Amino acid sequence: MASDDAGYREYVSHRLDGLRRTAYLLCGDWHTADDLVSTALVKLLRHWRRVSAMEHPDAYVRRILLRAWLDERRRPWRREHATDVLPDRAVSTVDAADRLALLALLAELPPRRRAVLVLRYFCDLSVEETAEALGCATGTVKSQTARALESLRARLVGVRAIEEWEWN
Amino acid sequence: MELRDSLRLAASDPPPTAIDVDALLEGEHRAARRRRWLGTAGAAAGVVTAIAVGVALIGGYGGSPRGTPVGGPGPTAIDRKSAEPGPQATPRIPTEPASAAIPRLSEAFRQALRALSSGPGGGQLPVIEPDLSVLPPQHGPTPDPSSTPPIETFSGGPESGYKALYTLTDSAGYSSLLVVIQAAPMPLDTACVTNDAMTRCTVTTGPDGSKIYSGQPNNAVELYRPDGTHITVMESNVKSESDGPEPDKTPRSVTTRPQPALTLDQLVSLASAPGLTLFP
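Same order as they appear, the protein sequences are chains A and B. Residues in the first sequence are numbered from 1317 upward in steps of one, following our numbering. Residues in the second sequence are numbered from 35 upward in steps of one, following our numbering.
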């Protein structure tokens, strides 16, 4: 048990940052991203013995994260809420306009198309790996990618030259 | 800039995480112990039940000659209830056509609203009206308001489920009331999930065996009926503006009233309205 815990801790400490960023790009909110990652980590812990013996545990964890996010999206009452408490973080010095613009564009995409973009262009997965993570055919990944990029390009007309962006 | 770089830029500079791996490990170990204990207790209960059933069967065969009809009362309400299917793995598909379900559900919810306004605290209720902007066009001429048939506030179908949207207005502002009725099995996991949007969450069981999840601060109730109907009633005081203010027109959310107009108890009574079922 103790060695299991140590292995789990080590795995999580190396992957936590990447998982949080992936979740953030999927949901567009750091608090929700932490919730999604927590959900995924609890599920990972329950199956840690089996997962730690896998050749590609990262793929398994990504699948859990994706499912957690898609489940979250299906709950209409958890999508949006009002708050009167603002986060006490300072405004980032990174180009906030660019960040918001991209997140807003991603938010307009259907969930699976957004997931395809994040998996392919942020997690650097191949078409086959993306198909496995989403549980669909490689052809679906290709068509979803093309449509997602097309949507982004259509929305970005007049905002930014998208010609430089990749298409495959 | 390439999409890859844009995504990296968008996810750069994350805030400190609230995830505590030690707490997560400790909580899961505690849950595992609880599951093991419940498993042992369940097995023990199963053995006791098996023994009791065995004794009853032996007693029954011993006390009544074979072939002789055993008289006595018919099935009681408790018997019938226990004969109903328990938690299901897959949702039942409603067989009632939308043309019948929509007026029935609309009328059931109207009655629930009437009951709410005549109940305790009903005098302070805001004006509750159907949000006509989301409804499909109502057919037929409506020249005389007194003879106008009631508006069918629900839309949808047996497979997708039915939804209705109402607007609640009073001097504090307005909010939206969303009602969604879908087929869904009762969840086996009774845990109430809290997150950023749902910081307080409670689970209760209704008198008919319904499982009721109610949460704040975004005033929402989810009710699972034993018959396989899942009802969500949510009040939202947020309006999304897809086209935000100049100059960047970034989408934003606008708060339309400071506090919800209905209490959680009122939302629970609406969700519990007896006619709100997909399996009448």
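Certain hints may be false.
[Claimed, not checked] Looking from chain A toward chain B, a few residues come up when the C-beta cut is under 8 Å (computed):
no.: 1; residue: 1337
no.: 2; residue: 1350
no.: 3; residue: 1380
These are calculated hints, taken from the structure and not from any lab test. These numbers were taken from a predicted model, which means no experiment stands behind them. Quick reminder that beta carbons are idealized off the backbone N, C-alpha and C, glycines included.
Against the structure, the hints:
| no. | hint | in the structure |
| --- | --- | --- |
| 1 | 1337 | 4 Å, holds |
| 2 | 1350 | 5 Å, holds |
| 3 | 1380 | 14 Å, violated |
Against the hints set out earlier in the document, a violation occurs for number 3 only.
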